Each structure stands twice: as C-alpha cells, then as structure tokens.
Amino acid sequence: MADKPKINLNRIKMPKQEPEIRAHNFDEVATGYTLEMAKEEAGRCIQCKKRNCVAGCPVNVNIPEFVMALRDGDMWGAVDQLKANNALPGICGRVCPQESQCEFVCTLGKKGAPIAIGRLERFVADWECDQSDKPKPQIAPSTGKKVAIVGSGPAGLTTAADLAKLGHQITLFEALHVAGGVLMYGIPEFRLPKGIVQGEVDYVKTLGVDVRLNSVIGKIDTIDELLADSYDAIFLGTGAGLPMFLGLPGENLNGIYSANEYLTRTNLMKAYLFPEYDTPIKKSRRVVVIGGGNVAMDSARCAMRLGAEEVYIVYRRSREELPARAEEVENAEEEGIIFKLLTNPKRFIGDENGWVTQMECLEMELGEPDDSGRRRPIVKEGSEFLIDVDTVVVALGTTPNPLIPSTTPGLDTTRKGTVVAEEETGKTVKDKVWAGGDLVTGAATVISAMGAGKRAAAAIDAYLKG
Amino acid sequence: MYKIMHREDLTPQIHLFEIEAPAVAKKAQAGQFVILMVDEKGERFPLTIGGWDREKGSVTIVFMEVGKTTRKLAKLKAGDSIHAFIGPLGIPTHTDNVGTVVCVAGGFATAIVVPVAQALKDAGNKIISVMGFRNKDLMFWEDKLKEVSDELIICTDDGSYGRKALVTEPLKEILEANKDVKLVIAIGPTIMMKFASLTTQPFGVKTLVSLNPIMVDGTGMCGCCRVAIGDDTKFVCVDGPDFDAHQVDWDVLMARQKSYCDEEKTSVDIWEDYCRTQMGGKA
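Sequence order for the protein chains is E and H.
Just so we're aligned: the first sequence equals residues 1 to 466 in my numbering.
Just so we're aligned: the second sequence equals residues 1 to 283 in my numbering.
No false leads were mixed into what you were given.
Some, not all, of what chain E presents toward chain H, calculated at C-beta under 10 Å:
| hint | residue |
| --- | --- |
| 1 | 185 |
| 2 | 214 |
| 3 | 216 |
| 4 | 221 |
| 5 | 251 |
| 6 | 252 |
| 7 | 258 |
| 8 | 263 |
| 9 | 278 |
| 10 | 279 |
| 11 | 282 |
| 12 | 353 |
| 13 | 403 |
Hints listed in this document are in silico derivations from the structure and should not be mistaken for laboratory results.
Note that this is a predicted model, so its numbers are computed, not measured.
Think of the CB as a built atom: it goes at the ideal place given N, C-alpha and C, for glycine as much as any other residue.
Take the sequences, apply the hints, and build the full model.
Here is the structure:
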C-alpha cells in the first residue's frame, strides 16, 4: 500500500467555557474554533464521492465544497459555497442537530468521529461576520413581483432571502419589536448570541428585504387585505408560539411560568440585565422545569444563570426518551441541573399571597410503547411526594398561534391548529398563499423550518414566473 | 419609532398622548389595547386604546404615572418618539344594541370608557354613566363622558366634587330604580371592578370588565396575563380584555398583578436617583 496520510479519527475538540464558570454568565458556552483548529478539522474530510452530508442537510448546503475551501484557506470561497444554499449559517452552525443530520451520515463516521460540520459552518459564518469589506450579494434583476412574508423566524427569513435574491420585492412582517422570532425570544444568548442573529437579519436586509416590525398581521391588515393590496403571493411562517399548560390545580399561582414567558423575559427582554433593562424576572432559589426537550434544557440553564441555587428537570419518562439533544442534556448536567426522571407533577401548592411554594409529584414507570413508539409512562399509585419550589417553568411544547388561521378564510387547519400545506412546496389550499415551518409541522427545529422556507421560496418563484 | 403628535396633561399625573401609528389607527376599535415600549431597554406594557383618528393615522393613549415605565413615558414631549407601539390587540368590546347600559368609569380608565360608551350609544343604547375619582384634582373628561351619556353621575371619594361616594353606591341605586338595565360595563382599578361586580351580581345583570394584568408580548405567546374565568384559564391578551365579571377569579388576578412589586420598587428607586442626579429634577 502506498503511503497515504493517516486520517485522524477524532475531531478537533470545541473550546468551551468551564461548566462552573459558564453556569453563572450568559456568554456563549462554546467559544468556537481558531483558524488553525478549523483548517485542521476541515482537513479530516476525505471529500468522498457519496456526498451523504449534502443529502442529510435539509437545505442541501454544499458541505464538501465549503469544507475544502476552508481547508485550503480560501475563506471567501468557503463563504460563497456555504451561503449559496443557506442564508443563516451562523445560526445553523450553532443550533442545528447535526448529529442526526449531515454528521450522522458522514462517511468518516463509520470509522471514527464524523467531520464537525456544524462547528466548521459556524467558524466560516463568524469569520465572514468579522470582515468589514463584505462583497455586495448578487441579486437578480427586479421581477416587479411583490411577496409578503408573515413572521421573521427561521422559515420567514429563509424564504425572504431566497426570493429577494431571485429579484422579487419582499416585505417581511414581524409582530415583535425585533426580527428573528424564536431565534430572539426562545433560544438563549449562551447558545445563540443575539448579535449573531441580528447580523444574519442584517444580511437579509442587504438583499433588499423590507422588514416591518411591530406588525401583527390579522390585527392590522389581514391576509386577504394584503392580497388585495397588490401582493402577488404570501408566505406564512408564524411558527408555533402558543404555550401549553398542564391544566393542574394551582397552575395560576405566582412563580409559575410558561417556558415561553420565562425565556422571552430572559432573552428577548434581557431580564438577566435587570435593572439596566426594565423587564424583571423573579430571582429564584429552587426552580423546577417540567419537560424534557431543548426548551426545557434552555429554561433550566437560564434559571441557573439567573442565580438559582437548585434547578430540577422533571420529566415523566426515562433518560432514554428525553427529546432534547444529547449535547444539551450533557451541558445541563455539567452545569449542575438535577434530573428527576420518571416523575410527573400532580398539583401546585401556594402560600397565602398566592406564590407557589411546593409541587406535588408522582413517580412513574414505563409500560408498553404508545402511538409515538415510546414506552408509555404509568403512574405508580400512592407514590405522591412534595418538592419545595419558588419557581416552576412549564416546558411542555407549543402550538401555532390561531391569529392568522382564524382571520384568513379559506385556509385549512388540523385539529392541532397547524395549517395544512404540501410538504414539497408549502402550498396551502388558499390561492396565492404558502406556509412552512412550525406553523405547518408543529414545534420542530430551526433547520426544518428553513428547509420548508427554501422549498416554498422555490415554489413561489416558479409560480411568479409561470 | 412612533412619534408623539400631541400631548395633553389631563391632571398633573395623568397624560394623553396622540401617537402616529396609521396601521393601528386603521383597525382600532373600542375596548382594544396596544403594547408599548418607551425605549430599547424598556418593558412591553399594555394600555387600552383611548381613541383614534383614521384620517390622521393616530391613536390616543391615556396613562397615569405609577411606576418607572409610566414616569419615563411622561418625560416625553410632543415630537419625541417611542420605541414600539403594537396593536390593535385583543377582542373589541361587543357593542350590540341591548337597550340600557350602565358604564362605570374609575379614575384614569375614564379615557377608555369614553370610546366604549360612544360605540354603545352609536349602536342605539341608552347610556347611564357613573364616573368616580379619589378627588376633584384627579378628575378629567367630565364633558366627554357627558357627551356620550344620556345621564351622568359623578362621585369622588372625599366629596370634593359631585357626590361623596364610591361608584358602587350610585350603581346599586341605578339597578334598583331601572329594571331595564341589560348590561353594566365597569372599567377602572381592579378593586373597583371587583366591587362593581359584587354589586351587580345580586341583580343578575350581565357585567363586563376590562382586565389589566401584567403582559409581555400581548399576542398569546407567553401566558403571563392568564386569569381564571369560571373553570377555565384564559389569556387576557387574546381571549379578552373584556370578560364576564361574575366569572372572574379576582383573587388570582390581584395576586398575579403583584408579582413584581419588589422589582418595580427597585426600578423606581433607581429612576428617581437618576432623575435627581442626571436630569436635575424630580422624577
């Protein structure tokens, strides 16, 4: 055999803040590769012919190409390859579940650790962000067609960017006072710095997208009024922003938050900087977060950083069924979050002023698999016990806000409140209206919403040019 | 940014701003509210709409200086701008023709009652209004409420103007004297709305209140404003702000309104200190 350079089967480690330090600040946990680290990691890619990674990516990023350009030190080449199919790489590099997508199918993964695609994506995006002389993005000549996009989260931003590049005139409506949707109100600063999100929003604006904040479509103009007012097509990407509660006794006590409220106060309104910022959040000692997904992990880790002494995750199934990314569970554990698994809340107990003081729980055991394929949690009779708490965060998931569906005749919705749209195109049953992201799928991931936005943009473009 | 087109001081502590917001003005209806942010670091807080001018593209808000945010807002002049102004939110007050309606206004909420009474009058109702203030110096808009009412009773807590009474006294008398009252709308401080509700309950007259809990986003996203209505939990921002007063759990509402008393005090202290040292004046 010829002397082939041996491939390093281990990936370059991501530098991170130490758990005991990061648990008390809101700075980003992972601090990012240096150029040397990034080039070394990129050098591990064998540039295989299969390109499984590209197929594994919901927006089909040119992964081998950007990794090769990075390896060779051609940074602008890497940026161009990366951004050809992804307008928000700084975000995706941080919050995509790469371990179940591009990296999961990486050829190297059969022998050792797959290429750290997400970390490299983040590195390239951050490098570009730091450059002062960014080249002007290429935009096709104006088509004279107008598209309104409702919601500036990952789905809306992606659709807006793709359609703007194709020469359409885009207005992006956002209900909140900043653009970014869940990227701003939901995902915490220590996982996705808000400066990164705004950098990517700014990029979308450089494509000519007119972003209108503080605009609640359905309350100001309705979808039908927008269509009558000269828009040729509309994309709905309003997400799944309605919190679910448990419906248990005592749930309206003070100190009980939905995860949406807890995270919105903390992230969007910057309550962690109170009183410099005006929005307060309770300083807690003992916090219980109910739920086992990424939002639960985010809430628990925020609580820790806000100064809580003890933070618990209460989840009714076992560790194996935790829906959160393994990496987030690990981060939470390192930071001292205590997992109370196979535990379910029964009721909340308060003091004479209406503040929660205790939560009564039940122990659970796992039975036969249910419809979701996971083993069904069953109550252990008589297993009631009390936990002392001063704050409870309910992180059980979210459903779409009914505002658009209820003010838009002709849209089809499901029992769960999601809007019915074709998977391949995002087309709804209503003429000239497309939809995608959590509004259609129910709460899912940033990248799946971006994928839906991309497909809808292609379909809208074809329709407008048809 | 949203420009303050006009400012009026209704009393030393109660102010009226006309805000340039054409998209909101176009759709605003009586009983709806807006969410405001004074500046980039400000909190999001709700104010019920006091009026609108669709041609001018303006929306009127009336507020009383209470905490840091409202004091900060009160420092602004005509020509200044506020950071965010979102609306019109919530479900408009139902203004069907039911016959005779009693409108009860407490304190600065008079500003909110006027457009509601106007809409009810336009629908053909007979309007009997009761307005209550702590004292004469805090009173405003007697003329405006009078204009939209067939009958107006004014009371003050200390008797410095009108009748010396709480609003519940004349309310009870009206219900005793007028068997044809079909609806009572009571808007004001929570404690006033609670007692107005208790007053009307024995008469079995439908009573609507406009609730004012703490909110963050105002669009159904956070659940901060949830209240117990009968056996259900409702979000005031999307299910209200109007509710059947006899179904409201007032204790839950009042407890939740006090969630951030300590933090509010911290904010006010810092603000007063800032005003003294940086702005050379009183807060």
